[in-house]
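A.B. asks: So you can see what is in the structure, the chains are spelled out below.
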Amino acid sequence: MSGNPNTVAKQRQNQPNRHSLEKRLNRWGWIFVSLSIVLITIFVFIPMIGALIMSFQTGKGVNMHFGGLTNYIRLFHDQTVGKALGNTFVYLIFQVPVMLILALIISVLLNDKNLKGRTFFRVAIFLPCITSLVSYSLIMKSIFSNDGIFNQMLANIGLSPIMWTTDPFWAKVLIIISITWRWTGYNMIFYLSGMQNIEPSIYEAAEIDGANFLQKLTHMTIPLLKPIILFTTITSTIGTLQLFDEVQNITQGGPANGTITISQYIYNLCFKYTPNFGYAAAVAFIVVALTMLLSIIQMKVGGKENQ
Amino acid sequence: MKKANRVLLTLKYLFLIIASFISVFPFFWMVISATNNAREVNAGKLTFGTHFAENLGNLFHSGLNFGPALGNSALIAAITTVLALLISSVAGYGFEIFRNKVRDRVFNILLLSMMVPFCALMIPLYRMFSAAGKAGFTGIGLNTMFSVIVPYICTAFLIFFFRQNTKSFPKDILEAARIDGLNEMKIFTHMYMPVMKSTYAAGAIITFMTSWNNYLWTLVALQDPQKRTVPLILSAMGSSYTPDYGMIMTGIVIATLPTGFLFFMMQKHFVAGMIGSVK
Chain A
1 MSGNPNTVAK
11 QRQNQPNRHS
21 LEKRLNRWGW
31 IFVSLSIVLI
41 TIFVFIPMIG
51 ALIMSFQTGK
61 GVNMHFGGLT
71 NYIRLFHDQT
81 VGKALGNTFV
91 YLIFQVPVML
101 ILALIISVLL
111 NDKNLKGRTF
121 FRVAIFLPCI
131 TSLVSYSLIM
141 KSIFSNDGIF
151 NQMLANIGLS
161 PIMWTTDPFW
171 AKVLIIISIT
181 WRWTGYNMIF
191 YLSGMQNIEP
201 SIYEAAEIDG
211 ANFLQKLTHM
221 TIPLLKPIIL
231 FTTITSTIGT
241 LQLFDEVQNI
251 TQGGPANGTI
261 TISQYIYNLC
271 FKYTPNFGYA
281 AAVAFIVVAL
291 TMLLSIIQMK
301 VGGKENQ
Chain B
1001 MKKANRVLLT
1011 LKYLFLIIAS
1021 FISVFPFFWM
1031 VISATNNARE
1041 VNAGKLTFGT
1051 HFAENLGNLF
1061 HSGLNFGPAL
1071 GNSALIAAIT
1081 TVLALLISSV
1091 AGYGFEIFRN
1101 KVRDRVFNIL
1111 LLSMMVPFCA
1121 LMIPLYRMFS
1131 AAGKAGFTGI
1141 GLNTMFSVIV
1151 PYICTAFLIF
1161 FFRQNTKSFP
1171 KDILEAARID
1181 GLNEMKIFTH
1191 MYMPVMKSTY
1201 AAGAIITFMT
1211 SWNNYLWTLV
1221 ALQDPQKRTV
1231 PLILSAMGSS
1241 YTPDYGMIMT
1251 GIVIATLPTG
1261 FLFFMMQKHF
1271 VAGMIGSVK
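Listed in order, the protein sequences are those of chains A and B.
Position 144 of the first sequence, counting from 1, maps to 144 under my numbering, and the rest follow consecutively.
Position 121 of the second sequence, counting from 1, maps to 1121 under my numbering, and the rest follow consecutively.
Derived from the structure by calculation, the hints contain no laboratory data.
Misleading hints may appear alongside valid ones.
[Unchecked claim] With a Cα cut of at most 30 angstroms, we get these calculated DSSO-like pairs of lysine-lysine:
(1) A:K116 <-> B:K1268
(2) B:K1197 <-> A:K116
(3) A:K300 <-> B:K1268
(4) B:K1134 <-> A:K172
(5) B:K1101 <-> A:K116
(6) A:K23 <-> A:K172
(7) B:K1003 <-> A:K23
(8) B:K1268 <-> A:K226
(9) B:K1101 <-> A:K300
(10) B:K1003 <-> A:K216
(11) B:K1167 <-> A:K226
(12) A:K272 <-> B:K1134
(13) B:K1012 <-> A:K226
(14) B:K1268 <-> A:K113
(15) B:K1186 <-> A:K23
(16) A:K60 <-> B:K1134
(17) B:K1171 <-> A:K23
(18) A:K216 <-> B:K1268
(19) A:K113 <-> B:K1171
(20) B:K1101 <-> A:K23
(21) A:K113 <-> B:K1134
(22) B:K1197 <-> A:K23
(23) B:K1012 <-> A:K216
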């Protein structure tokens, strides 16, 4: 090997050094992440596999044996599963879009620097986020009980009371109202922080070109916020698929399973009726499958329109 | 043209005022009702009453262990927060100090755990802790603090949160410290942790809140009435045949105080913790 003796010497000096530093950092990196890998494996991945195995087992309580596809076949004949899925889709189709559109409208209004009382409005609308799901559910339950304050206000203006908790239709409406109350401000915060990252000069340029408010919204704000809108759609969808606390505390799933959700049915199968863990696990895999399916669809749709 | 603008502006404010009213009214209702007795709450009384002390007394002497539940909730939330922050920040730093292909892949697998619905994990976790208890390890079985804390001391969300924030950490300081011969452990405790204070604050708020408000897993894991947490007691009070809403609202006010305090005292960190994952 011929070359500049100086460079060769330099390389000899530097390379082993840098190499050993990389090696050392790499080793430290693994040490630092190892505990987390172990914990997430024990408390997420192993239970996940456990649930999958369980979903192929039948039997009551702890006496379980392999049952093949029995549980999955039973799913198709189970009316409660049908009801729970139906309710979940009602929540998904009505609640999620209403909440996200509301959050978007509020964020657009609040993003106006000339608006008076911006901070007040923002804090007020965000405030529901500080309540726990159980707490706000009970507050809603008391406001909307059949002889509660809301019905009394209706009576005061001459309207007949609404049977919020005993009518299956209105019970679903109540759940939708409640979730929207709790989470609109939460989603608003995401949109507002996204809007703050949009350069004001883009809007100024559009204004010079004569774009009106609606044009700016549909042609600029919404496309620029697309990743965040996608994110909030996915998190809201996952949240709705796992809905439990609200329904459990406001309506207990009633009337006549009119508001029951899949998570609640799983809970009932394990802890309210004679425990049937195998079947409950099979029901849980509906949620797993739906979560994956809907997330993939949303990412595909969101991704495509992005291009 | 000008008139139309004024109408639009009025509508805008009207909309925001209505939205704010709807958002705040349930809080108003909660505070008002905490000072009224059950009969007055049911009658829809909208003014402050004189029964707050009575409600408070009922709450703590209801036989539902609200006092011990406050202690349980606080201890569980505090331990969970400290452990989760330590473990997740170490991991977030570890994923970022030196990146290689394998570790990036491992990270992506860990992120997948965020997609796993809890209702699928609940049954195996219940059986796991139940089995541990039956095998004689009663300290780590069901109805223990261990069983409600340990599944939450490491979440992919927090690791992700710390990793994202580590990216903006000034790298040349790290280089300098390494040249000075500091080992990674020292760098982490003496340099990373102090610099990342606001990330820790935001992470602490979100973790504390999640733990303080946790319902489904505690409902499953804590069936012993002595071990119950605040949300479980409130839920039990609410599901009784004739709920005493004066007492319940008093309980809710107390349960909301810590999170309300965090929000008003540390609004910036509070919001940063909530939106941490979309940066």
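A.B. asks: Decide, hint by hint, whether the structure agrees.
C.D. replies: We went through each hint and held it up to the structure:
A threshold of 30 angstroms between alpha carbons decides the hint, and for K116 (chain A) with K1268 (chain B) the separation of about 21 angstroms falls inside it, so the pair holds. Only pairs whose Cα atoms come within 30 angstroms are accepted, and K1197 (chain B) paired with K116 (chain A) is rejected, the gap being roughly 33 angstroms. For the proposed pair K300 (chain A) and K1268 (chain B), the alpha carbon gap of about 34 angstroms is over 30 angstroms, so the pair is violated. For the suggested pair K1134 (chain B) and K172 (chain A), the alpha carbons sit about 41 angstroms apart, so the restraint of at most 30 angstroms is broken.
Restraint check for K1101 (chain B) and K116 (chain A): not satisfied, since their Cα atoms lie roughly 51 angstroms apart, outside the 30 angstroms limit. Straight-line distance between C-alpha atoms of K23 (chain A) and K172 (chain A) comes to about 58 angstroms, which puts the hinted pair past the 30 angstroms bound. Taken as a hint, the K1003 (chain B) and K23 (chain A) pair is broken in the structure, with Cα atoms around 71 angstroms apart against an allowance of 30 angstroms. With a C-alpha separation of about 24 angstroms, the suggested pairing of K1268 (chain B) with K226 (chain A) holds against the 30 angstroms cut-off.
Only pairs whose Cα atoms come within 30 angstroms are accepted, and K1101 (chain B) paired with K300 (chain A) is accepted, the gap being roughly 26 angstroms. A C-alpha spacing of about 22 angstroms is found between K1003 (chain B) and K216 (chain A), which places the hinted pair at or below 30 angstroms, so the restraint holds. Using a Cα cut-off of 30 angstroms, the hinted pair K1167 (chain B) and K226 (chain A) holds, with the two alpha carbons roughly 24 angstroms apart. Using a Cα cut-off of 30 angstroms, the hinted pair K272 (chain A) and K1134 (chain B) holds, with the two alpha carbons roughly 21 angstroms apart.
The suggested pairing of K1012 (chain B) with K226 (chain A) holds, with an alpha-carbon distance near 24 angstroms, which does not exceed 30 angstroms. Distance check on the hinted pair: K1268 (chain B) and K113 (chain A) sit about 19 angstroms apart at the alpha-carbon level, within 30 angstroms; holds. Restraint check for K1186 (chain B) and K23 (chain A): satisfied, since their Cα atoms lie roughly 18 angstroms apart, inside the 30 angstroms limit. Taking the CA atoms of K60 (chain A) and K1134 (chain B), the gap is near 18 angstroms; set against the 30 angstroms cutoff, the hint holds.
At roughly 18 angstroms between alpha-carbon atoms, K1171 (chain B) and K23 (chain A) fall within 30 angstroms of each other, so this suggested pair holds. With a C-alpha separation of about 29 angstroms, the suggested pairing of K216 (chain A) with K1268 (chain B) holds against the 30 angstroms cut-off. Only pairs whose Cα atoms come within 30 angstroms are accepted, and K113 (chain A) paired with K1171 (chain B) is rejected, the gap being roughly 36 angstroms. About 14 angstroms separates the Cα atoms of K1101 (chain B) and K23 (chain A), which keeps this hinted pair within 30 angstroms; it holds.
As the CA atoms of K113 (chain A) and K1134 (chain B) are separated by approximately 62 angstroms, the hinted pair breaks the 30 angstroms bound. Note on K1197 (chain B) and K23 (chain A): the hinted pairing holds, with a Cα-Cα distance of about 29 angstroms set against a maximum of 30 angstroms. Distance hint between K1012 (chain B) and K216 (chain A) is fulfilled; the C-alpha atoms sit about 17 angstroms from each other, no more than 30 angstroms.
The structure fails hints 2, 3, 4, 5, 6, 7, 19 and 21 (numbered hints given earlier, in ascending order).
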